[in-house]
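Spelled out, the chains give:
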Amino acid sequence: MANVTVDKKALIEGERPMYNASYGKLMMWFFLVSDAFTFSALLIAYGALRVRSVAHGEAWAFPEDVFTHTPLLYEIWHIDSPLVFVGIMTFILILSSVTMVLAVEAGHRKSKKEVSKWVFLTIIGGAAFLSCQAYEWYHFIIGTHEGGMELGPKAMAYLDSREIPGLEEGDPLIVYPILKSEDRFQVKEVRKQGNGYMIANDSLAQLLSYEREIFKRLYFSDKLQLTEQLEPAERVKRIKSLVDDINRFGASKNHNIRVSASLSGDPETVLANLKEELPAKMSVKFVDGGANLKSNEYGPPDFAALFFFVTGFHGTHVLSGVLLLIMLLVNINKGTYEKRGHYEMTEKIGLYWHFVDLVWVFVFTFFYLV
Amino acid sequence: MATAAADGGAAQRKSIVRTALILSALTAFEFLIAFTKKFYPAWFGMSADTAQTLVVVTFIILTLFKAFYIVAEFMHLGHEVKILALTILVPFLFIVWLIIGMIMEGGYWGQQNMEELSYSSEPAAVEYVHVQPESEEIPIYG
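Chains Z and C, in that order, give the protein sequences. The opening position of the first sequence corresponds to residue -10 in the working numbering, with each subsequent residue numbered one higher. The opening position of the second sequence corresponds to residue 3 in the working numbering, with each subsequent residue numbered one higher.
Hints in this document: simulated from the structure, not taken from any laboratory. The beta-carbon is built from N, C-alpha and C at its ideal position, and this holds for glycine as well. Treat the hints with care, since some could be wrong.
Ranges of calculated distance between the beta carbons of each label pair, as one might list FRET restraints [to be verified]:
hint : chain 1 : residue 1 : chain 2 : residue 2 : range
1    : C       : I62       : Z       : N281      : 28 to 36 angstroms
2    : Z       : K328      : C       : V58       : 48 to 56 angstroms
3    : C       : K40       : Z       : K328      : 55 to 63 angstroms
4    : C       : L95       : Z       : N281      : 19 to 27 angstroms
5    : C       : A69       : Z       : F51       : 18 to 26 angstroms
6    : C       : R15       : Z       : Y124      : 27 to 35 angstroms
7    : Z       : W126      : C       : F37       : 22 to 30 angstroms
Which bits of chain C does chain Z cover? Going by a derived footprint, with three or more residues having C-beta under 8 angstroms, they are [said to hold, decoys possible]:
hint : region
8    : 24 to 32
9    : 81 to 95
10   : 101 to 110
Excised from the complex, chain Z in its bound form:
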């Protein structure tokens, strides 16, 4: 009984493949499940922080105000094109997924030439996506020339917890709920109740009950936009009318107002002018142009931090994918898989690549669309 042959492969992988899938593919699947959990946690953190931010009366950033740059359109004609560029990025990634799955298909036929062609095109797609991301990050970080400006009351009002000094029957009240609709309500009745205030009005009642269903609390912020390219004189006019609005519609009633707009002209002068005209109760704060982990001209700093972390983490995955594909391409051309008799490595890296595409589908929806 000297010559018992030991099948080393079977020792590691078992005699029959589990679930009819090879060991390598199974492990790739399990890795992807764990990675999907990580991304899920990040996106859920985004959702929870956004809900929190809104519940505390901060204006969340509106993606269509933030991501407005498209190469050439912006550089040559200075046209703002919201969401166009991210659309291009999405199609690039979908296309690279298609070339990847075609490479896998060619691998089944063991056609070395075709596999290497499709893998090469996938690498190009991945590199193009990464370049697009670099462009987008660049514009998000530098932001607008002038930065944003926050007009804040010195003390913030919470309808159910703080006093709203001077709010009386018949006062107009600007309510900007989270969902970007914009309505001005007439306050019909203000009554003190417990430690809070009750404000009665038919349409407001509707709004409140709706808000309560989703976010439990009224979003009491205001976002005034001045994002168009305007003549300096026109801009000054807009700012003046903004200040008028604030005076008329009760910013002195402790509304939190965030103006995330690019105001052209010397910030110091604008600030000085505003301070003169604003109610004494209000404070003015300039936010640096662009976004970083501490401040963000388009909305709460949380938005910028989450954007950098989640798209950065996704971009890191794309980068790893590109490196794996380059390794794959080198090995294909060396004939490694031909010698091995199968192109399973293409399938395994393909799984990873599709996963990266899948994550982008979710990132795209939650960061750019919703």
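Using the hints, position chain C against chain Z.
Chain C alone, transformed into the frame defined by chain Z:
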């Protein structure tokens, strides 16, 4: 792996192209919504909030459709053994639970720290008190 079909993979390539077209169409549709959503209240005579809710729900449904096509077709999970698909998909029930939990709790985060979060330089000395509505018709939140 073992699908090196007799027709030289032509059927599979056809299915790839079909999936790619579906994904592109869904994405194009999403963009159509993103660019036209501001007109919906006027077009369909609904409130801005209702319109936005519908838009968000539509986006999430479309996203799940896209995810299904990527996982089932591109990642080939639809053609694997059923038990493998279940092994991979069932753990995501935990994620569903996490989504429900975190989004519901999100609104309550940091309620103790409201002072810090406000713009206040001199924080108001008012404690946070949960206000209960007196009756159902009167909207108060808390």
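Results for each hint:
1. The hinted window of 28 to 36 angstroms between I62 (chain C) and N281 (chain Z) holds, with their beta carbons roughly 30 angstroms apart.
2. Here the CB-CB span from K328 (chain Z) to V58 (chain C) is close to 52 angstroms, well matched to the stated 48 to 56 angstroms.
3. A hinted range of 55 to 63 angstroms holds for the C-beta pair K40 (chain C) and K328 (chain Z), which are about 59 angstroms apart.
4. For the pair L95 (chain C) and N281 (chain Z), the supplied restraint of 19 to 27 angstroms is violated, since their beta-carbon distance comes to about 37 angstroms.
5. At roughly 25 angstroms, the beta carbons of A69 (chain C) and F51 (chain Z) sit within the given window of 18 to 26 angstroms.
6. Against the hinted window of 27 to 35 angstroms, the Cβ-Cβ separation of R15 (chain C) and Y124 (chain Z) comes to about 33 angstroms, which satisfies the hint.
7. Taking the beta carbon of each, W126 (chain Z) and F37 (chain C) are about 24 angstroms apart, inside 22 to 30 angstroms as hinted.
8. Beta-carbon proximity to chain Z at under 8 angstroms applies to 4 residues in the region 24 to 32 of chain C; the threshold of 3 is reached and the given coverage holds.
9. Beta-carbon proximity to chain Z at under 8 angstroms applies to 8 residues in the region 81 to 95 of chain C; the threshold of 3 is reached and the given coverage holds.
10. For a cut-off of 8 angstroms, the count of residues in the region 101 to 110 of chain C with a CB near a CB of chain Z stands at 7, and the three-residue condition holds.
Of the numbered hints stated above, the single one contradicted by the structure is hint 4.
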